[in-house]
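Chemist: Residue numbers (the working numbering), protein chains in the order written: chain A, 1127 to 1459; chain B, 1127 to 1459.
Don't read these hints as lab results, they were simulated from the structure. Possibly wrong hints are sitting among the right ones.
Identical chains share a label here; the pair holds if one copy fits it or two copies do between them.
Unchecked claim - Straight-line Cα separation of at most 27 Å, BS3-like style, residue types lysine-lysine; simulated pairs: (1) Lys1322 <-> Lys1450; (2) Lys1380 <-> Lys1450; (3) Lys1153 <-> Lys1327; (4) Lys1356 <-> Lys1450; (5) Lys1327 <-> Lys1450.
2 protein chains.
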Amino acid sequence: MSNIREVARIAGVSVATVSRALSHPEKVSESSKLRVKNAIEQVNYRPNMLARNFRSARSYSLVVLVPDISNPFFAQVIRSIELQAQKKGYSVLLGDTQDSNVREQEYIRLVETRLSDGIIQLRPMSDHFHETNTFNFPYLHLCATESSPGPCIRVDNVAGFEHMIDYLISLGHRRIGLITGLKGNPHTIDRFKGYKQALEKAGIAFDDNLVAEGEYVIWSGVNAAAELCKLHNRPTAIACMNDEMAIGAIQAVKTHGLRVPEDISITGFDDISYARYCDPPLTTIAQPSMDMGTIAVDMLLRMIDGESLSDDKHVLPYDFIVRKSTTTVEVEV
Amino acid sequence: MSNIREVARIAGVSVATVSRALSHPEKVSESSKLRVKNAIEQVNYRPNMLARNFRSARSYSLVVLVPDISNPFFAQVIRSIELQAQKKGYSVLLGDTQDSNVREQEYIRLVETRLSDGIIQLRPMSDHFHETNTFNFPYLHLCATESSPGPCIRVDNVAGFEHMIDYLISLGHRRIGLITGLKGNPHTIDRFKGYKQALEKAGIAFDDNLVAEGEYVIWSGVNAAAELCKLHNRPTAIACMNDEMAIGAIQAVKTHGLRVPEDISITGFDDISYARYCDPPLTTIAQPSMDMGTIAVDMLLRMIDGESLSDDKHVLPYDFIVRKSTTTVEVEV
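Construct the complete structure from the given sequences, taking the supplied hints into account.
Modeler: See below:
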């Protein structure tokens, strides 16, 4: 492996100039930069940026913690984070925690040991987590909830889900099934609250039999919807806490010999790319995944630069999207 | 921020012991380890691992280059890479290159500058790329093709696609449409070869009119299938080069007032999670995403350890999966 002295010799400049051309190219003349560049290529030099990072105590990387990268909603958010981070000279360390606290701790250690400069948390954390954890490094909640402390970004999950149930009620539905996500997940709690508020406003009694538990993945939507279809007094609509479970629910309803939406309307949450391509295309709530990633990176970098953003809370707007998986109830029995 | 001396003082051990407890815990007694651990917690010490990495010239991270993280097939492979990497003490730097050479170069620089120890390339690269690029660091092609030089892992895309077309021919299809991926993409080239070989074996003349170009994303499958449906002499089956385009094709065929599979059979490639939940569920070729990731990490770490694996080429088996999107042709006109 060649070294920086060799590059300087071939380029006909000082070692300091080579170093400057690498770390602060704006301070070096175009002609020197070109000579350094050519010399680097000629001798196949790999500058050791670990040394630079050691000196600056910066890693120029950030960790994104995600509960499930195979969920396309998270993939969209990660894509936007990665785009913005790269613009700002940062790389993204991916931590797929699979909802495991142990795996999460290992990624947190990357920041604690300065191998990364900060964390963007995509996994919604419980109130208990917030009460018992404080971090002495930049840590930002994306996909946060109402009660998240510190800097965070979220959409209003309560209002979004309530909006969806309001819509189903406006179509004449009164027996509205619910497929929840994992119990205890803060998004599940918020969306459940939205469901109950909408029923209450409309004077519809809450019926525990109409609630089936899922796990935010497709197959769990299949199983939960199959249960609801078997009810003696089955629902005329099923609201799902995410699109993946809704896609599974559509299949289960059809397998049961029923039609979507004529016999059962189905709704989702997130607006993943498949939502418009399932049959029928899905009525859902769109989260602004692109904005979420961009704003998160900008906020985290300000924190890395030492700003205190503890009261910086962004609530981003959701979109309500009506497609063909929902329709009116003609006669309520 | 507290420092290592403070930790040593509180733990009642030497600075060297603290350092050893962090870097080689197996060399330190259990009682010292516990005292160090408690002291670290007490003073909230964050050891600077950048210093360790600078000394060892290792970053303990690897870069995964992916053309599109929002494609669920790649998300599955990344998940398996990340699982195996974490088991081995490595973190994963994610490079979503969006098929851009410029963005790819920026990630390659991370390894060139030793901020990462090696690269796993998920983007299939052209023969021209292989001829004009050599890397003086660990670099491994996953999702490789027949002509990929150096260590690589792949499924046989030619054989897999040929298998699918053989199957359609066995069902009586003779006008078999094809929705390709991006032109020039090595997977597109391989799968096209499989298509042509199957037709030739069966004595079916290749018909350029039956070929429509897509881009490996859903909407491109919608557009391409819409074209094929409008043909005067339309195909009785459409083979798509990935599942996403097949999901789009199913929608386009239905929008055209035709039935899948009775009027047009549809096939995919990859077996993403949505393949079994679309309507009808998709006949496809499954790639072993879990094995691909595990083997790739193990190979890359051996290269990082200095082994030369230049002739190590793994061809992993694919699975042929028949679901309900394909059926026989009763009468050929």
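Chemist: Now tell me if each hint is right for this structure.
Modeler: To see whether the hints hold, each was checked on the structure:
1. Lys1322 <-> Lys1450: within (24 Å within a copy, 39 Å between copies)
2. Lys1380 <-> Lys1450: both (15 Å within a copy, 14 Å between copies)
3. Lys1153 <-> Lys1327: Neither, since 64 Å and 65 Å both go past 27 Å.
4. Lys1356 <-> Lys1450: The answer is both: 24 Å in one copy and 25 Å across copies each meet 27 Å.
5. Lys1327 <-> Lys1450: within (26 Å within a copy, 44 Å between copies)
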